[in-house]
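Residue numbers (this note's numbering), protein chains in the order written: chain G, 1 to 113; chain P, 1001 to 1116.
What the hints contain is simulated information worked out from the structure, not anything from laboratory work.
The reader is advised that the hints may include incorrect statements.
[Said to hold, decoys possible] For each label pair, taking beta carbons as the anchor points, the in silico distance ranges come out as:
# : chain 1 : residue 1 : chain 2 : residue 2 : range
1 : P       : R1112     : G       : G16       : 33 to 43 Å
2 : P       : S1017     : G       : E57       : 45 to 55 Å
3 : G       : L46       : P       : N1030     : 38 to 48 Å
4 : P       : R1112     : G       : Y51       : 31 to 41 Å
5 : P       : G1054     : G       : K67       : 34 to 44 Å
6 : G       : D58       : P       : T1116     : 40 to 50 Å
7 : G       : K56       : P       : R1042     : 23 to 33 Å
A virtual CB, placed ideally from N, CA and C, is assigned to each residue, including glycine.
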Amino acid sequence: QKEVEQNSGPLSVPEGAIASLNCTYSDRGSQSFFWYRQYSGKSPELIMSIYSNGDKEDGRFTAQLNKASQYVSLLIRDSQPSDSATYLCAVNAGGTSYGKLTFGQGTILTVHP
Amino acid sequence: SQTIHQWPATLVQPVGSPLSLECTVEGTSNPNLYWYRQAAGRGLQLLFYSVGIGQISSEVPQNLSASRPQDRQFILSSKKLLLSDSGFYLCAWSVQRTSGGAIEQYFGPGTRLTVT
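For reference, chain G alone in the conformation it holds in the complex (with noise of 0.2 Å):
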């Protein structure tokens, strides 16, 4: 069983801290890893995704990616009570699995005045 886990929260930051998300996979053939945002009673919406070990920053997002520990964070900068959301981290395998992902469980972040 390819498992993502995500610890589910609440995070709680106060505003204009840095929001570290953190996941790990257990698939070490993993190849693609995303982060989605996901407001309640709304549909995920696409923030990051990054392929190669190292950094990726985007704006007030940094994405994270280490294979060999087999983890990816998500870093949010300058928080904002509008990053109150739950996050979730995906992955996909690679190879034939034809775009398949495998979600965490995501972890909900509420940034506070």
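We have chain G; now place chain P onto it with these hints.
Structure of chain P alone, referenced to chain G:
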């Protein structure tokens, strides 16, 4: 740009009734299509995926079925709903890549189904 539609947005159905949820994608050709279900407070569970017209792969055995009658249309159906079928149903698409692997998946707005 690409757009994905789902309808209806919400649905309340009695146990034992049939179900038909529809998903269409605009602005792309030959996409991979996916149906997910998200139960309350739970993660996303992949139900079906399709790489082409008439091609359906099932991930979880259940009383649901899927069909892809047209390139950009994906339908989720059931002949008789169970209470456990309640949830948030999400359709997603991705670009198809001949070498496999993942490309970003984009979700539709979802259908919230309550079985009573």
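Here's how the hints hold up against the structure:
1. A hinted range of 33 to 43 Å holds for the C-beta pair R1112(P) and G16(G), which are about 34 Å apart.
2. Separated by about 49 Å at the C-beta atoms, S1017(P) and E57(G) satisfy the suggested range of 45 to 55 Å.
3. Range check, L46(G) to N1030(P): about 20 Å between beta-carbon atoms, so the 38 to 48 Å window is missed.
4. Between R1112(P) and Y51(G) the beta carbon distance is about 33 Å. The supplied range of 31 to 41 Å therefore holds.
5. At roughly 37 Å, the beta-carbon separation of G1054(P) and K67(G) lies within the given 34 to 44 Å, and the hint holds.
6. The hinted window of 40 to 50 Å between D58(G) and T1116(P) holds, with their beta carbons roughly 43 Å apart.
7. Between K56(G) and R1042(P) the C-beta distance comes to about 28 Å, which sits within the given range of 23 to 33 Å.
When each numbered hint is compared with the structure, a violation occurs for hint 3 only.
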